[in-house]
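S.K.: Next come the chains, spelled out residue by residue.
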Amino acid sequence: MNFLKFFLIFIPISIVAEFIKLKPIWIFIISSFSIIPLAGFMGEATEEISVYSGPRIGGFLNATFGNATELIISFFALKAGLFDVVKASIAGSVIGNILLVLGASMLFGGLKYKVQKFNKKIVEVSSSMLLFAVIGLCIPAIFTHTANKELITSKYEWLSISVALAMFIIYLLGLYFSFHTHKDLYGSEHVENEKAKWSLKKSILVLVLCTLVIALESEFLVGSVEPMTETLKLSEFFVGIIIIPIIGNAAEHSTAIVMAMKNKMDVAIEIAIGSSLQIILFVAPILVFLSLLFKPMSIIFNEFELVALVVSILIVNRVASDGESNWLEGIQLIAVYIIIALSFII
Amino acid sequence: MNFLKFFLIFIPISIVAEFIKLKPIWIFIISSFSIIPLAGFMGEATEEISVYSGPRIGGFLNATFGNATELIISFFALKAGLFDVVKASIAGSVIGNILLVLGASMLFGGLKYKVQKFNKKIVEVSSSMLLFAVIGLCIPAIFTHTANKELITSKYEWLSISVALAMFIIYLLGLYFSFHTHKDLYGSEHVENEKAKWSLKKSILVLVLCTLVIALESEFLVGSVEPMTETLKLSEFFVGIIIIPIIGNAAEHSTAIVMAMKNKMDVAIEIAIGSSLQIILFVAPILVFLSLLFKPMSIIFNEFELVALVVSILIVNRVASDGESNWLEGIQLIAVYIIIALSFII
Amino acid sequence: MNFLKFFLIFIPISIVAEFIKLKPIWIFIISSFSIIPLAGFMGEATEEISVYSGPRIGGFLNATFGNATELIISFFALKAGLFDVVKASIAGSVIGNILLVLGASMLFGGLKYKVQKFNKKIVEVSSSMLLFAVIGLCIPAIFTHTANKELITSKYEWLSISVALAMFIIYLLGLYFSFHTHKDLYGSEHVENEKAKWSLKKSILVLVLCTLVIALESEFLVGSVEPMTETLKLSEFFVGIIIIPIIGNAAEHSTAIVMAMKNKMDVAIEIAIGSSLQIILFVAPILVFLSLLFKPMSIIFNEFELVALVVSILIVNRVASDGESNWLEGIQLIAVYIIIALSFII
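Residue numbers (the UniProt record's numbering), protein chains in the order written: chain A, 1 to 346; chain B, 1 to 346; chain C, 1 to 346.
Chain copies aren't distinguished; within one or between two, either way the pair holds.
The list that follows gives simulated cross-link-like pairs (lysine-lysine, DSS-like), each with its CA atoms no further than 30 Å apart: (1) K23 to K155; (2) K233 to K155; (3) K120 to K183; (4) K183 to K121; (5) K114 to K183; (6) K117 to K195; (7) K183 to K112; (8) K121 to K264; (9) K79 to K21; (10) K264 to K183; (11) K195 to K5; (12) K121 to K262; (13) K117 to K264; (14) K262 to K197.
Rather than coming from a laboratory, the hints here were simulated on the basis of the structure.
With the hints as extra help, turn the sequences into a complete structure.
M.R.: Next comes the structure, spelled out in structure tokens:
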């Protein structure tokens, strides 16, 4: 996190850049760079507040604010009508977490420790949940693509809202499950009775400030996507599925890798799977609901996104039933990610 | 089972309804309700006969008569030429068993017991068998849908009969496996040396009577499907994949849930997976063979059925390799089932 | 291996057959029969050389020459421009190894031993690797088939070469992993300090001779494919996916079955999975690189091959997480293979 601090310099630069109407590609890069440290501080502030609020509310705050950056970026993309970018970034966050974050954690952890073991039981609970969540999310899309496409759009909307509602209910039940009925299954090792580094007041201030600045930068970022992709002949889809998820998740990614290098593979895997779960069960439904304010967004993924999501299920399923990791597995996950990214580019 | 007894009243009602030509929707509902207790009595009668015949023949009888209700309903649908309904009800029975029955068992069991454990070994044997069976059953369909559709129909028939034959041979070998070469793997806990409640004569009489009445009611039911779907603008496909399997399996469903609430998750899971296996390896081939009497039915599932079947494989695979269940997993399975059903409706 | 010696008689017969221009079907059969013992001797010679070279170089030699026969046959098919046959034989080798070899091993082993256990840990490492490899190999094809097919051919080439390169790098890293950083995970039981039966000189001579004669026979074989398939109205695709893999892998197949019958299921499974891995990570990339000498071959599989590959993944995944096998599982794997083969014929 420490060296990321220096990226804060990109905040004023981005404002100047927007003001003097720099080329969209530069605005995109600069605002991306400025979001990365903000997402990091936001995470830290949430952690600090958790110390004051106690583990139960703290866990809820963490679960809710953990993907705030993606949510804010996606909200502005939604407002700008970039539905394809929004859906691509949902799918991209999941595959990025499963293939890139998990792969990098296994690689860097595996370079230090020959074989890294993790608690199969905990990983199995969340990987089962991820399996069900991805399947639920994908079913409308799979049926749409295989069906004769004579269905009426209004029916899609209705189906999307139902699925979003189902996902959101499971999200709430999942919180009840982890923080109430089965709380002993989790978090036993997180109790480490931390001391707060920041005062509660400072933490809340940082949280609010970061949210505001991320919102501003997200507006710059999203505004530059269309002109940039036109000039560079990149697809908006590629920006959505590869680049935005990397920006939005950078802070968590670095945490997962650091944990893996401390031989805490459980924590690294939980970050990757847990973050994917939040995207599907919390961020995606919220975006569907928010879209009703503008123009309803359906939850129908395209075939590329489906394939990428199903692949990530199969892999996390395999990883979970193993209980061990090594550097070669890490490289293979990263290789699958690179091959997917290459396929998106052409 | 006890309160289901009162449903027997629907048998005379259904005959009157048929006679006075009630609206098809009412005939459908009344005959459905009358089948539910009959299926239950049939199961009980089979169990009673097993007590007299000893475990080996008893197991065979159970395996053969377990899905007799579905077989009878499907036979009349076959005779009426409703091939889509027949195939949909085969797929629907499998996904109903895996998602709805297993889901409800995990949910209701999980509400009483925090974590329910089950014997991974036994579940793995049957879930492997289910995996192979579903894959074998789906391959002709997958190849048909991906192929350029210039294949001749006669070739489909030939392929369907071959697959049905392969499935049926594996069914017989599976019986030989569980009741002869590897019988100690199974049933060790079923030996509980039960006493018969009914005389052998009574049991056989009940079995024969139930079969006859179910046949009658199935004819009413199937006869009402076409006019009903036309009036309600429901697809026959929806009736086949969702409603008929629920009617045909109601008795087993309630047994599975009761077992789960007694913390016998092994038995609940075995009912769900075992019933699916019987549908694929016994009911489906028999229906293909019987269809030769009328007009050959191919075993080519449509894309929706394929997706639903593959999803249920993935999930049962995950569940089996876990060894534990809780209420949240149950809700998730049911949510996937509801999303599938919603997708079928639109 | 012993009775296979007599097949050497087919070498002179094939030369005569080619000279007197026998019907293509006969040339195909005779040259196939002559390749089977040669592949066996080649394997034996490699083993002998390994004894002299020590386990590290020996393992590398085994890994490299293990699929030399397929590589040579495919090279001549490549030279003859039979790209569909080459790609089909890559997919066919994988499904043949997973379904037929593993199935036959489990069946024949299971007939002698009631339940055969194997080391889950070792199998999981290679089955994970196979999962990632198949997914990586299939992604370009899946994306191509689901995409609107407006992509330019030159881009396919570029993607194929990238994927081939990624596979080959993982192959090299995999060798480094198994023979250097994690060598204790493997091979501990292979150390059995064998004595060489042949002198080093003889071994090298046999290796070189076999390679030359296989090359000659492969040229006969490949030359007969096109006229033969035309006469018999078989598809080249069927020859590629079913027949050539059986010829190329015959020697390994018999070894795997022999090992299973000695209750060494670990070794049998390792042969099946390891051979599949070599095909994907070594043979396929080499063939893509070699194709640049003639006309670039893309790595885009057709839908049939994709389905077959994905099915084999699912099955090996299931098998690996089980740790046990029996004759019924063996029969089921073989049944799935037969159903796939039947689907290819129609």
